[in-house]
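Student: If you want the building blocks of each chain, they are given just below.
Protein chains: 2
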Amino acid sequence: MLKRLTKASVLLCGALRHGQFIHQHGIRTFHSTIASKIKVDRKDTHIEIQWGPSASPSCSKFNYSWLRDNCQCPLCVHPSNRQKLHSSGDVALSIKPESISIVEGGNGPHLEIKWPSGSLRPHANHRSRSEAHTSVVDVAWLQKQDYSPQAVRQRRNALFKPVYWDGDMYDQRKRSVDYQHFISSNDGLRKALEELRDYGLCFIRNAPTKDKEVENIGRRFGCIRETFYGTSWDVKSIPDAKNIAYTSLDLGLHMDLMYFEAPPGLQFLHCLKNSVTGGESIFLDSFKAVEILKTMHPEDYSVLTQVPVTFHYINDGHHMHFRRPTIVEDDLNEQRMVYYAPPFQGPLEAEEHLVGPFYKAFAKFEEILRDPKLTYRMLLQPGDCVIFANRRVLHGRAEFDAASGDRHLKGAYVDWDDFKDKLRVLDVRK
Amino acid sequence: MLKRLTKASVLLCGALRHGQFIHQHGIRTFHSTIASKIKVDRKDTHIEIQWGPSASPSCSKFNYSWLRDNCQCPLCVHPSNRQKLHSSGDVALSIKPESISIVEGGNGPHLEIKWPSGSLRPHANHRSRSEAHTSVVDVAWLQKQDYSPQAVRQRRNALFKPVYWDGDMYDQRKRSVDYQHFISSNDGLRKALEELRDYGLCFIRNAPTKDKEVENIGRRFGCIRETFYGTSWDVKSIPDAKNIAYTSLDLGLHMDLMYFEAPPGLQFLHCLKNSVTGGESIFLDSFKAVEILKTMHPEDYSVLTQVPVTFHYINDGHHMHFRRPTIVEDDLNEQRMVYYAPPFQGPLEAEEHLVGPFYKAFAKFEEILRDPKLTYRMLLQPGDCVIFANRRVLHGRAEFDAASGDRHLKGAYVDWDDFKDKLRVLDVRK
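Chains A and B are the protein sequences, given in the same order. The letter at position 125 of the first sequence is residue 125 when you use the UniProt record's numbering, and the numbering goes up by one with no holes. The letter at position 416 of the second sequence is residue 416 when you use the UniProt record's numbering, and the numbering goes up by one with no holes.
Since the hints were derived computationally from the structure, they do not count as laboratory data. Treat the hints with care, as some may be off.
Copies of the same chain are indistinguishable here, so a pair counts whether it falls within one copy or spans any two.
What the hints assert, rightly or not - The list that follows gives simulated cross-link-like pairs (lysine to any residue, SDA-like), each with its CA atoms no further than 20 Å apart: (1) LYS61 x LYS144; (2) LYS144 x LYS360; (3) LYS210 x HIS408; (4) LYS373 x HIS312; (5) LYS212 x THR231; (6) LYS360 x ARG121.
Nothing here was measured: the structure is a model prediction, and the numbers come from that model.
Whole structure, please, built from the sequences with the hints as guidance.
Tutor: What follows is the structure, encoded as structure tokens:
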């Protein structure tokens, strides 16, 4: 019956007024400075809001259970700690509002939704919550909650819009941030965040060459990620090294700690000494390489998004093991991530029909990675600290002559979670 | 041509001898104490090994590129640091061995595979590697590398075989580990690892009630996972708490830090003081609850494996956000993981047709979680430290009377990566 009425709904344009009531079978048009011109249509299981032709998306749907669940009033979300005070499982099934009306609040238009009693399961600690409840929903807030796949993807991507670079391009536009500015001001930190957001690579200059200074630099972004290498670690040539990084050998392009569930999002390498011959640092934007692969060899690209590579570390009293594809695209939380560390690959564990295609695709990807035009090479000076997005930018090092002088870098990691947290709280968005 | 020859292959049984040659078009049967009775059949792109009827799996296939890539000789894998010295992308495409033969080494049978020159891409640092190469492959090692989906899944699951429990069952079988034994011996640590592996819950007794002792306990398993709560944190009732945990209120069953990419695998709560009325600790095996849901309400179970829940933390200068389904099953690295923390759920971002089913399924899951039979309740005593698998075992706390005494727990986290690492290196397997 309701369905039929809804189908028969007509557009009723009305002037702006307080407490405009939306009939179960009707649509109202609403004008405001914030929402511009919205139309709210009440359906059987949800409301449909037309935000106007210039909005993106132009129309959103909100399920009634969702609306009850996500009431933001102080009885539903704790006003100081922002924790939800009921669970999604407490929402009565198939609930419908008794009424929905539009009210003009001081901060713009709101939907006033009256719920019947019993809209939430009773709870001993929250006696009032099974009573009739009114949700006052900020229309501007609601517009940001559209949960269509496109809108969700758009929000996911809003933090990042990577600028793909090759060696020349990075060389021409490179900018560094002075340590004092970076360490002591949000503005300096914001500059570094922007570089990392767009290019995945950032240089801090004139940092004190103190042993653990790298941890102070890292802590500007969040917590230091401690691993079995320590909170920070030395990169220098030592005898009987447990890791090729700790020799003077050429160190091919790679990423660190691919055998962890969440490999660190940021890596810091702080140069304390560098008087050797050789030992240039090398960086490459793997996202650029993926774009080339995707365009030139779409099948190989597709194989590398499908075939899980096994990463492991079996050494020095540890045995780590984690499987993930080389290229992870468009997942619930990220637009793109790349995982690449050949020395730490274990025997491939992939479906038989994908093994041959994997070797072909991986070779093609590496052909692109070997293009010297893609790499940015530079020599770290004492006091430089390079920061890079470890799941985007590959790093490597040219061989050096260990007898020709001293080379000592100090490294540290920070999680991607923390980096994104900082982007959000400092509102560093495109 | 080769294909035709292979098709025409026949079973040629031969007595054990050194250097038994496997013809391109033939099969040899090989007997040994380790491999028992194996048959190796050379195909166009791979070898096929029959391990014998009692082996599981009874037959494995190994692609030639895979075999070349995973040669374990000291030229291919660094003998001390175990890093691979070439990349999978270096393997020549469509390579085929010149010969494969079976040799009896001191440690059991090996396959001797002769590769033509150019089987790896030339590299300046490894001049010998483009020459002809011989791989000597330990048959016992090879058998463990089967990469069929079943074998890979079997290996993934080998670390764990959870025993699902309810309150009574846990109460009857509960075992604790004495602090001294745990902190000072691998045997004590192994006991704790076994409890956590099987039940996801373990109690250490008689720990010193020192403020940061929980970090010493945590470090037995790996690195302390530092978060914005610190390396360890206080659970006690404080005014204007930023988190409901830091009040005296009833704290519903939940898991911690679901808004991180890799929520900590282990949580530690060390009791320093507990003289209040109330404040029981409550634990529930969510894997048991999932089993019930899966059996009784398979559709709801399926919905909870599909619909990503948004977890967030927007408070105190932080804004974290991560989406993941409530139940994650059979992924590349884990058999099962559960993610549940209603107070930290943000507005659901799910496809429209799944929103209604999600509310129904989530309510059904919580109906199971509310069954008091599933919960194990106990009162932590000063000196007790409870450890639980944070992505399996839900924890909560009964309300307490803050005026009746003191209650002070100290908490810490360790990553799941580290826990699995320890299981592997101490060889704590089923």
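Student: Look at each hint and say if it fits the structure.
Tutor: Taking the hints in turn, this is what the structure says about them:
Taking CA atoms no more than 20 Å apart as the test, LYS61 paired with LYS144 passes inside one copy only; the shortest distance there is 12 Å, against 52 Å between copies. Within a single copy, LYS144 and LYS360 get their C-alpha atoms no closer than 44 Å, and across copies no closer than 25 Å, so neither meets the 20 Å cut-off. In this assembly of identical chains, LYS210 and HIS408 lie within 20 Å of each other by CA distance solely inside one copy; the values are 11 Å within and 38 Å between copies. Proximity of LYS373 to HIS312 under the C-alpha cut-off of 20 Å is found in neither arrangement, the shortest distances being 31 Å within a copy and 41 Å between copies.
With identical chains, the CA atoms of LYS212 and THR231 are at most 20 Å apart both within one copy (9 Å) and between copies (18 Å). In this assembly of identical chains, the alpha carbons of LYS360 and ARG121 lie at most 20 Å apart only when taken from different copies (13 Å versus 57 Å within one copy).
In terms of the numbered hints stated before, the structure departs from hints 2, 4, listed from lowest to highest.
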